[in-house]
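*Asks:* For reference, the chains in residue letters:
Protein chains: 2
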Amino acid sequence: MNKHVYGVILAGGSGTRFWPLSRERFPKQLLRIIGEGTLLQQTFERLRQEIPPKHITVVTNDVQADSIKLQLSEWKDDLTDNIILEPEGRNTAPAIALAALQLLHRDPEAVMVVVPADHVVKAAKKFMKAVQFATKLAMQGHLVTFGIHPSRPETGYGYIQPNKRKRLGAQGEFTGYSVARFVEKPNLSTAQRYCRSKNYCWNSGIFVWKASTILEELALQQPKLSKILKGLAQPIGTSAFPESLRKAYAKMPSLSIDHAVMEHSAHSVVVPIDFGWSDVGSWGSLEEVSPLDKSGNVRNGNIIDMGSQNSVLFADRRVVATIGLDNMVVVDTPDATLVCPKDRAQDVKAVVSLLKQQQAPEHLEHRTVQRPWGAYTVLEEGHGYKVKRIEVAPGKRLSLQLHHQRSEHWVVISGTARVTRGEEVYDLQSGMSTGIPQETPHRLENPGHGLLEIIEIQNGPYLGEDDILRLKDDFGRLQSIN
Amino acid sequence: MNKHVYGVILAGGSGTRFWPLSRERFPKQLLRIIGEGTLLQQTFERLRQEIPPKHITVVTNDVQADSIKLQLSEWKDDLTDNIILEPEGRNTAPAIALAALQLLHRDPEAVMVVVPADHVVKAAKKFMKAVQFATKLAMQGHLVTFGIHPSRPETGYGYIQPNKRKRLGAQGEFTGYSVARFVEKPNLSTAQRYCRSKNYCWNSGIFVWKASTILEELALQQPKLSKILKGLAQPIGTSAFPESLRKAYAKMPSLSIDHAVMEHSAHSVVVPIDFGWSDVGSWGSLEEVSPLDKSGNVRNGNIIDMGSQNSVLFADRRVVATIGLDNMVVVDTPDATLVCPKDRAQDVKAVVSLLKQQQAPEHLEHRTVQRPWGAYTVLEEGHGYKVKRIEVAPGKRLSLQLHHQRSEHWVVISGTARVTRGEEVYDLQSGMSTGIPQETPHRLENPGHGLLEIIEIQNGPYLGEDDILRLKDDFGRLQSIN
Numbered sequence: 001m002n003k004h005v006y007g008v009i010l011a012g013g014s015g016t017r018f019w020p021l022s023r024e025r026f027p028k029q030l031l032r033i034i035g036e037g038t039l040l041q042q043t044f045e046r047l048r049q050e051i052p053p054k055h056i057t058v059v060t061n062d063v064q065a066d067s068i069k070l071q072l073s074e075w076k077d078d079l080t081d082n083i084i085l086e087p088e089g090r091n092t093a094p095a096i097a098l099a100a101l102q103l104l105h106r107d108p109e110a111v112m113v114v115v116p117a118d119h120v121v122k123a124a125k126k127f128m129k130a131v132q133f134a135t136k137l138a139m140q141g142h143l144v145t146f147g148i149h150p151s152r153p154e155t156g157y158g159y160i161q162p163n164k165r166k167r168l169g170a171q172g173e174f175t176g177y178s179v180a181r182f183v184e185k186p187n188l189s190t191a192q193r194y195c196r197s198k199n200y201c202w203n204s205g206i207f208v209w210k211a212s213t214i215l216e217e218l219a220l221q222q223p224k225l226s227k228i229l230k231g232l233a234q235p236i237g238t239s240a241f242p243e244s245l246r247k248a249y250a251k252m253p254s255l256s257i258d259h260a261v262m263e264h265s266a267h268s269v270v271v272p273i274d275f276g277w278s279d280v281g282s283w284g285s286l287e288e289v290s291p292l293d294k295s296g297n298v299r300n301g302n303i304i305d306m307g308s309q310n311s312v313l314f315a316d317r318r319v320v321a322t323i324g325l326d327n328m329v330v331v332d333t334p335d336a337t338l339v340c341p342k343d344r345a346q347d348v349k350a351v352v353s354l355l356k357q358q359q360a361p362e363h364l365e366h367r368t369v370q371r372p373w374g375a376y377t378v379l380e381e382g383h384g385y386k387v388k389r390i391e392v393a394p395g396k397r398l399s400l401q402l403h404h405q406r407s408e409h410w411v412v413i414s415g416t417a418r419v420t421r422g423e424e425v426y427d428l429q430s431g432m433s434t435g436i437p438q439e440t441p442h443r444l445e446n447p448g449h450g451l452l453e454i455i456e457i458q459n460g461p462y463l464g465e466d467d468i469l470r471l472k473d474d475f476g477r478l479q480s481i482n
Numbered sequence: 483m484n485k486h487v488y489g490v491i492l493a494g495g496s497g498t499r500f501w502p503l504s505r506e507r508f509p510k511q512l513l514r515i516i517g518e519g520t521l522l523q524q525t526f527e528r529l530r531q532e533i534p535p536k537h538i539t540v541v542t543n544d545v546q547a548d549s550i551k552l553q554l555s556e557w558k559d560d561l562t563d564n565i566i567l568e569p570e571g572r573n574t575a576p577a578i579a580l581a582a583l584q585l586l587h588r589d590p591e592a593v594m595v596v597v598p599a600d601h602v603v604k605a606a607k608k609f610m611k612a613v614q615f616a617t618k619l620a621m622q623g624h625l626v627t628f629g630i631h632p633s634r635p636e637t638g639y640g641y642i643q644p645n646k647r648k649r650l651g652a653q654g655e656f657t658g659y660s661v662a663r664f665v666e667k668p669n670l671s672t673a674q675r676y677c678r679s680k681n682y683c684w685n686s687g688i689f690v691w692k693a694s695t696i697l698e699e700l701a702l703q704q705p706k707l708s709k710i711l712k713g714l715a716q717p718i719g720t721s722a723f724p725e726s727l728r729k730a731y732a733k734m735p736s737l738s739i740d741h742a743v744m745e746h747s748a749h750s751v752v753v754p755i756d757f758g759w760s761d762v763g764s765w766g767s768l769e770e771v772s773p774l775d776k777s778g779n780v781r782n783g784n785i786i787d788m789g790s791q792n793s794v795l796f797a798d799r800r801v802v803a804t805i806g807l808d809n810m811v812v813v814d815t816p817d818a819t820l821v822c823p824k825d826r827a828q829d830v831k832a833v834v835s836l837l838k839q840q841q842a843p844e845h846l847e848h849r850t851v852q853r854p855w856g857a858y859t860v861l862e863e864g865h866g867y868k869v870k871r872i873e874v875a876p877g878k879r880l881s882l883q884l885h886h887q888r889s890e891h892w893v894v895i896s897g898t899a900r901v902t903r904g905e906e907v908y909d910l911q912s913g914m915s916t917g918i919p920q921e922t923p924h925r926l927e928n929p930g931h932g933l934l935e936i937i938e939i940q941n942g943p944y945l946g947e948d949d950i951l952r953l954k955d956d957f958g959r960l961q962s963i964n
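Respectively, the protein sequence lines represent chains R and U. Numbering-wise, my numbering puts 28 at position 28 of the first sequence, and it's gapless, one number per residue. Numbering-wise, my numbering puts 834 at position 352 of the second sequence, and it's gapless, one number per residue.
Keep in mind that a hint or two might mislead.
Said to hold, decoys possible - With a straight-line Cα cutoff of 30 Å, these simulated BS3-like cross-link-like pairs (lysine-lysine) come out:
hint: 1; chain 1: U; residue 1: K618; chain 2: U; residue 2: K604
hint: 2; chain 1: U; residue 1: K870; chain 2: R; residue 2: K388
hint: 3; chain 1: U; residue 1: K667; chain 2: U; residue 2: K604
hint: 4; chain 1: U; residue 1: K485; chain 2: U; residue 2: K680
hint: 5; chain 1: U; residue 1: K878; chain 2: R; residue 2: K396
hint: 6; chain 1: U; residue 1: K536; chain 2: R; residue 2: K342
hint: 7; chain 1: R; residue 1: K166; chain 2: R; residue 2: K54
hint: 8; chain 1: U; residue 1: K824; chain 2: U; residue 2: K604
hint: 9; chain 1: R; residue 1: K342; chain 2: U; residue 2: K712
hint: 10; chain 1: R; residue 1: K294; chain 2: U; residue 2: K831
hint: 11; chain 1: R; residue 1: K349; chain 2: U; residue 2: K824
hint: 12; chain 1: R; residue 1: K294; chain 2: U; residue 2: K536
hint: 13; chain 1: R; residue 1: K227; chain 2: R; residue 2: K198
hint: 14; chain 1: U; residue 1: K776; chain 2: R; residue 2: K356
hint: 15; chain 1: R; residue 1: K230; chain 2: R; residue 2: K198
hint: 16; chain 1: R; residue 1: K356; chain 2: R; residue 2: K396
hint: 17; chain 1: U; residue 1: K954; chain 2: U; residue 2: K878
hint: 18; chain 1: R; residue 1: K122; chain 2: R; residue 2: K247
hint: 19; chain 1: R; residue 1: K396; chain 2: R; residue 2: K69
hint: 20; chain 1: R; residue 1: K54; chain 2: R; residue 2: K122
hint: 21; chain 1: R; residue 1: K54; chain 2: R; residue 2: K76
hint: 22; chain 1: R; residue 1: K294; chain 2: U; residue 2: K838
hint: 23; chain 1: U; residue 1: K776; chain 2: U; residue 2: K551
hint: 24; chain 1: R; residue 1: K349; chain 2: U; residue 2: K776
hint: 25; chain 1: U; residue 1: K709; chain 2: R; residue 2: K388
hint: 26; chain 1: U; residue 1: K536; chain 2: U; residue 2: K648
hint: 27; chain 1: U; residue 1: K733; chain 2: U; residue 2: K831
hint: 28; chain 1: U; residue 1: K709; chain 2: U; residue 2: K611
hint: 29; chain 1: R; residue 1: K122; chain 2: R; residue 2: K136
hint: 30; chain 1: R; residue 1: K164; chain 2: R; residue 2: K227
hint: 31; chain 1: R; residue 1: K54; chain 2: R; residue 2: K198
hint: 32; chain 1: R; residue 1: K76; chain 2: R; residue 2: K198
hint: 33; chain 1: U; residue 1: K608; chain 2: U; residue 2: K551
hint: 34; chain 1: U; residue 1: K824; chain 2: U; residue 2: K680
hint: 35; chain 1: R; residue 1: K342; chain 2: U; residue 2: K831
hint: 36; chain 1: R; residue 1: K388; chain 2: R; residue 2: K356
Note that these hints are calculated values from the structure, not bench results.
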């Protein structure tokens, strides 16, 4: 691959449509729903076949950054400077523009391969070959998008019509065409017509272009956005950048790159292709990309089924018994369950909105929360107490911290815990326990080579995660509650 | 009510059809699925309106006895000698025969009102009036059963045809007829014909007769059963009785009272009636007896629904989101979930069989288990540890016990715990903790006036409930693991 090629993974999505498996703080790209690894990890691996990890940038936000770093921890040295944090979500145009700005600063010849973190691409090799072809077109100043041959009259996607009379190049099975037009999500009869005509492709949301080209096009078509962006060119790479970025985003319009640029640009090029793509936009769409049992079900976890067909059955460790379901979705997680017909799976968004309105924790995060040092799982919360299982990875430790409103008891269930309590430091083995009074500085560390697991019982009038004063931290979180 | 009238509640059912809310050790009669109180409590209350509690007998088994005593604890002084424990289930004929034998021993004129513990009767007053009328017929030597006017061509019930030409008495709205014939569960077209003809009633399984009459009929029609039973007449009331009973039941045939007596007796009488009866035989039947929302759903617990209709939606504290369901059953419990169409609800029996085969704990009991001193809930089990929340009622204490294979840590989350550990006795308040090494005799007591709640963390290689050596117990459980 050309040494100026960079991968840009857009990983800011909120993914309400996969609730209850996805949560506001744990969106679709972080889920392991198909095959090995999470969608983010699969996306990274796909790019990494041809693009060095140092050339892969992830655009995300503060809430997801820790989880993303954890999932990509194998490449953490390569990614140190490659995680771009947006202060807030503003759709794809600002995210892409920001990445382009940073890449241009790094390499004036940079070509960006922009991929959403939460799509499935089954034919990864073919995909990277197509990227190689697209790179050539991009080097000539084209804005390249991949168009997927439609396999059904889907009304949930945008469509692209290639101008078959304007071929801009070809290589092997790939051909680039100038775009005749972009079409927004069509109604069913239009989608059926598009499908039959074979003159339309689905808009995959995957793009290849030079950083300089997309910034020039933005300057031309989105002067407001472009002006805000230009104000960031100077502080880039300095300590003033985060604050400049925050201010810039407060004024930034929310725009998709399709609306902002592609639909109006004379340089838009589409490469029709079929690489087993799906945006897995809902529970119902899982069947397109997952292995099915002989009755057409997608099955996962502790399911006992009798005679269901064409259904999506997702469980965890709890028993879920399903009998005679047809085209249904059942998703069970430790704190929430969803049951609906497959064709109503889109409406889960409304459920999430409702939970958010009610300030129910089930919209926000899971009972198990990842942390840079490991994870915790809330086993039970009640009046004046909370019970957690805490896992600390070998060699890791939590921050040195204290709580104003709660005492804690720790019982080790596996591994060795090194406990700092006030001035004391002592080790506990499995079956041993200790108590941490409120206002006492304390720290939990795993000095061993295996996992450390403890049960923590918190007692106190207020047990929110924000009653934490961090005194020292290995992960730079003195200001953050995460 | 005639002073010779006795209530006999048959409470031995296993109730697999309400899984996952019912479990082998927690069957349907113990559930709160409709209205105030459990089905058992409602049944007891219904009889108690006219029959003194001292005259109410419950026939059950060792596994359910503790739960039944807990649910009827308000009447525990009246019931001391009124709980009959069958050594094993042998269908209704032996259970009724055993109760008849004991009642005859107590009162030669005894009239028995035999009612299943897990039926719903909405018109309780009318029911007791009907019982009064039936008692008169029973005093004349009749075997009286109530026949329910069928409201639909149900194929899950037996039917009774009254002989309209043989009226044996009437009072107000009630008339007793000699039985023309009993019909086993019919097919749909037969059931439809029965419904239209208005000449058939559903067999309610509720009976009124003299203890002496039913025993005479059993002697006539079931000589084998009767002979086994006669062997019990002598030890009755002596300390030899439990052992004699165990031996007798080992030989006892398994028979329903309908097959054993009613279908062939010349004395069978039916009183047609409508008192809002249902045997609530499956999740689907709940709609007959429960309040419905405006879309025809039965709803319970933390349900977020969007547009479902005619469905049974049963949740607990976990969020269950349902969208656009039609004639479905969704039942969610802390460790198991069921999803099926209403007309497949009977098949849950097969799921329970499967779980039993797999020795999965979810067929046997709930995460929350009632005990005479309170209850415990398993919050999590893992390799080498178990976490429980334990509730101890005011003034109660667990047995003085020790464990060979586990240590325990207790953290008080509300109330006051009086802890016996070896020779020491000390009190702990909320936020305090203690450790119990293995092999150390210990006891947990609630000396306060409010609930005591603790979190218990068990550590050890084996954590089964049967690793318990009871040294002293307030509830006579030195031999039992319950």
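*Asks:* Each of the hints needs a verdict: does it hold here or not?
*Replies:* For each hint, the structure was consulted:
no.: 1; hint: U:K618 / U:K604; in the structure: 23 Å, holds
no.: 2; hint: U:K870 / R:K388; in the structure: 12 Å, holds
no.: 3; hint: U:K667 / U:K604; in the structure: 24 Å, holds
no.: 4; hint: U:K485 / U:K680; in the structure: 36 Å, violated
no.: 5; hint: U:K878 / R:K396; in the structure: 44 Å, violated
no.: 6; hint: U:K536 / R:K342; in the structure: 56 Å, violated
no.: 7; hint: R:K166 / R:K54; in the structure: 36 Å, violated
no.: 8; hint: U:K824 / U:K604; in the structure: 23 Å, holds
no.: 9; hint: R:K342 / U:K712; in the structure: 62 Å, violated
no.: 10; hint: R:K294 / U:K831; in the structure: 24 Å, holds
no.: 11; hint: R:K349 / U:K824; in the structure: 27 Å, holds
no.: 12; hint: R:K294 / U:K536; in the structure: 60 Å, violated
no.: 13; hint: R:K227 / R:K198; in the structure: 40 Å, violated
no.: 14; hint: U:K776 / R:K356; in the structure: 25 Å, holds
no.: 15; hint: R:K230 / R:K198; in the structure: 42 Å, violated
no.: 16; hint: R:K356 / R:K396; in the structure: 34 Å, violated
no.: 17; hint: U:K954 / U:K878; in the structure: 13 Å, holds
no.: 18; hint: R:K122 / R:K247; in the structure: 40 Å, violated
no.: 19; hint: R:K396 / R:K69; in the structure: 15 Å, holds
no.: 20; hint: R:K54 / R:K122; in the structure: 24 Å, holds
no.: 21; hint: R:K54 / R:K76; in the structure: 10 Å, holds
no.: 22; hint: R:K294 / U:K838; in the structure: 25 Å, holds
no.: 23; hint: U:K776 / U:K551; in the structure: 38 Å, violated
no.: 24; hint: R:K349 / U:K776; in the structure: 24 Å, holds
no.: 25; hint: U:K709 / R:K388; in the structure: 60 Å, violated
no.: 26; hint: U:K536 / U:K648; in the structure: 36 Å, violated
no.: 27; hint: U:K733 / U:K831; in the structure: 27 Å, holds
no.: 28; hint: U:K709 / U:K611; in the structure: 36 Å, violated
no.: 29; hint: R:K122 / R:K136; in the structure: 23 Å, holds
no.: 30; hint: R:K164 / R:K227; in the structure: 36 Å, violated
no.: 31; hint: R:K54 / R:K198; in the structure: 39 Å, violated
no.: 32; hint: R:K76 / R:K198; in the structure: 44 Å, violated
no.: 33; hint: U:K608 / U:K551; in the structure: 28 Å, holds
no.: 34; hint: U:K824 / U:K680; in the structure: 27 Å, holds
no.: 35; hint: R:K342 / U:K831; in the structure: 27 Å, holds
no.: 36; hint: R:K388 / R:K356; in the structure: 24 Å, holds
In summary, the structure is inconsistent with hints 4, 5, 6, 7, 9, 12, 13, 15, 16, 18, 23, 25, 26, 28, 30, 31, 32 from the numbered list given earlier, while agreeing with the others.
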